Amino acid sequence: MSEVKFSKEHEWITLEGDVATIGITKHATEMLGDIVFAELPEKGLNVEKDGTAGVVESTKAASDVYTPVSGEVVDTNQAIVDDPSKINEDPEGSAWFFKLKMKDQSEMDSLMNKEEYDKFAKESAS
Amino acid sequence: MEIKKTSLNKLHQINNAKFVEFAGYEMPIQYSKGIIEEHKFTRSNSGIFDVSHMGQLFIYGEKSLTEELEKIFPLDLKNLKQNCSKYSFLMNEDAGIYDDLIITKIKEGYLIILNAACKDQDFEILSNLLDSKFKMNLDNNRSLIAIQGPKSVEILNSIINGVDQLNFMTGNWFDSYNQKLFVTRSGYTGEDGFEISISNDKAEKFVENLIEKGAQLIGLGARDTLRMEAGLCLYGHELDINKTPVEANLRWAISKSRLSNGGFIGSKKIMNQMQDGASQIRVGIKPEGRLIAREKTKIFDDTDKQIGEITSGTFGPSVNGPIAMGYVDKEFSKVDTKILLEVRGKKHPANVCKLPFYKKNYVKGVN
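Keeping their order, the protein sequence lines are chains A and B. Whatever position you read off the first sequence (first residue = 1), add 235 for the working numbering. Whatever position you read off the second sequence (first residue = 1), add 1 for the working numbering.
Excised from the complex, chain A in its bound form (with noise of 0.2 Å):
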């Protein structure tokens, strides 16, 4: 599995093979709150980069989840769905969101990675 690389939007992915799997970050789950609801893309349904792919909603409000890279969803987390507390629980682990099968892997190139994105966090919420 490749490197996690992480976007400006606060999700974070991996790449195996040319399936990317995405989540939310931790931090964003810390500057969200408690998460009760989850929406996530149908399968099937072709992303492009940087749009919308699902939604958070905190007690105190929603948020939408981007894509940061395009692709087709070939699978979804129906576990954070049915029980979204899942996220808050294990953001970067077993409650991510969806997997893409990639277009153009070269997308993944302009994530950041751990470092910057630590980096990236810290000053973002300051």
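Treat each hint with caution, since some may be false.
The list that follows gives simulated cross-link-like pairs (lysine to aspartate or glutamate, EDC-like), each with its CA atoms no further than 20 Å apart [to be verified]:
1. B:Lys-41 / A:Glu-274
2. B:Lys-347 / A:Glu-277
3. A:Lys-321 / B:Glu-332
4. B:Lys-299 / B:Asp-277
5. B:Lys-34 / A:Asp-299
6. B:Lys-287 / A:Glu-274
7. B:Lys-34 / A:Asp-325
8. B:Lys-348 / A:Glu-274
9. B:Lys-347 / A:Asp-299
10. B:Lys-348 / A:Glu-238
11. B:Lys-34 / A:Glu-324
12. B:Lys-297 / A:Asp-299
13. A:Lys-338 / A:Glu-238
If you're looking for bench data, these hints aren't it; they were derived computationally from the structure. Treat the numbers as computed from the prediction; the structure is a model and nothing was measured.
Fit chain B to the supplied structure of chain A, relying on the hints for placement.
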């Protein structure tokens, strides 16, 4: 304008509060445990709420003050006993609501608790309505602390002896912290609890003592989910200048004895609406599944006609599901009426339901 801070601001910081601006004040939205934990702790134990941003308006006067206030509020104040509280409204001539409030008859006159965002305007309106011989003091030197939840009575009574003898919606002065504190048995969470008016310089010490006894600080986020589960209105959401108490389904708060003769501001409109009914009315709404419908969500019937709008909506931690309140056309206000909520461009099924979502746990009377 510079953001205002309550006398507990430092204590909020020490307890890792996340702050938001609310009505010009820097207020804690939540602490480190988060809204759901804080909500559940209040329902099972005892939560402390800093509500010092709210207005504490003392109006001094005797019998003639009662007469003057009856020209303003839809209440039978003549028969209100000393130390008893009522929920009421400050209205305009069209019965539009300037503010909702709690008024308590005290020995010296009346104490009115006002919403933070409305208090300055309320003060101006009341100053213009009342003779200047009645002294008014919107007291900035006092903090207001609410303690809510089943263990609150025991905790507070161990600090201020005698508060356990208060009935629901009554209050009294108590000697503690080298001063007179005004304590009422009331709140806005659907739980038994108290609100304590204490001088700013002792507020922090008092709250520290509550924490030592096992109570925990709770932010505005959980205060909002708690009041929604209890089916209670929040000014600026369920209530505003374009809504009347009848439309808000709060006719219970209007004293029956005042309805025959009126004589309070807005009485004509209220009496008409009481007779003919309002065209729109506030209801409880339960979305199906896990869908959350927020404020301003449009409500439709099954013919695609818009029939109303959501005023508050969230996930209810104790109900363990989504809850909402909103206004619908009268003919859709019956419990179990099927309605549709438009969220992110799609219509989702929901049902009109009874309020509250969460059964109240108030202590009605101890004496």
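Verification of the supplied hints:
The straight-line distance between the Cα atoms of B:Lys-41 and A:Glu-274 is roughly 25 Å, outside the 20 Å bound, and the hint therefore fails. For the suggested pair B:Lys-347 and A:Glu-277, the alpha carbons sit about 15 Å apart, so the restraint of at most 20 Å is met. Pair hint A:Lys-321 plus B:Glu-332 does not hold up; C-alpha atoms about 41 Å apart against a cutoff of 20 Å. Distance restraint check for B:Lys-299 and B:Asp-277: the Cα-Cα separation of roughly 26 Å exceeds the 20 Å cut-off, and the hinted pair is therefore not satisfied.
As the CA atoms of B:Lys-34 and A:Asp-299 are separated by approximately 24 Å, the hinted pair breaks the 20 Å bound. Using a Cα cut-off of 20 Å, the hinted pair B:Lys-287 and A:Glu-274 holds, with the two alpha carbons roughly 19 Å apart. Taking the CA atoms of B:Lys-34 and A:Asp-325, the gap is about 16 Å. The hint holds against a cut of 20 Å. Of the pairs offered as hints, the one joining B:Lys-348 and A:Glu-274 holds, with about 15 Å between alpha carbons and a cut-off of 20 Å not exceeded.
As the CA atoms of B:Lys-347 and A:Asp-299 are separated by approximately 15 Å, the hinted pair is consistent with the 20 Å bound. Under the criterion of a C-alpha separation no larger than 20 Å, the hint pairing B:Lys-348 with A:Glu-238 is inconsistent with the structure, at around 40 Å. A distance of roughly 13 Å separates the Cα atoms of B:Lys-34 and A:Glu-324; the hinted pair therefore holds under the 20 Å criterion. Taking the CA atoms of B:Lys-297 and A:Asp-299, the gap is near 18 Å; set against the 20 Å cutoff, the hint holds.
Only pairs whose Cα atoms come within 20 Å are accepted, and A:Lys-338 paired with A:Glu-238 is accepted, the gap being roughly 18 Å.
Going through the hint list in order, the structure does not satisfy hints 1, 3, 4, 5 and 10.
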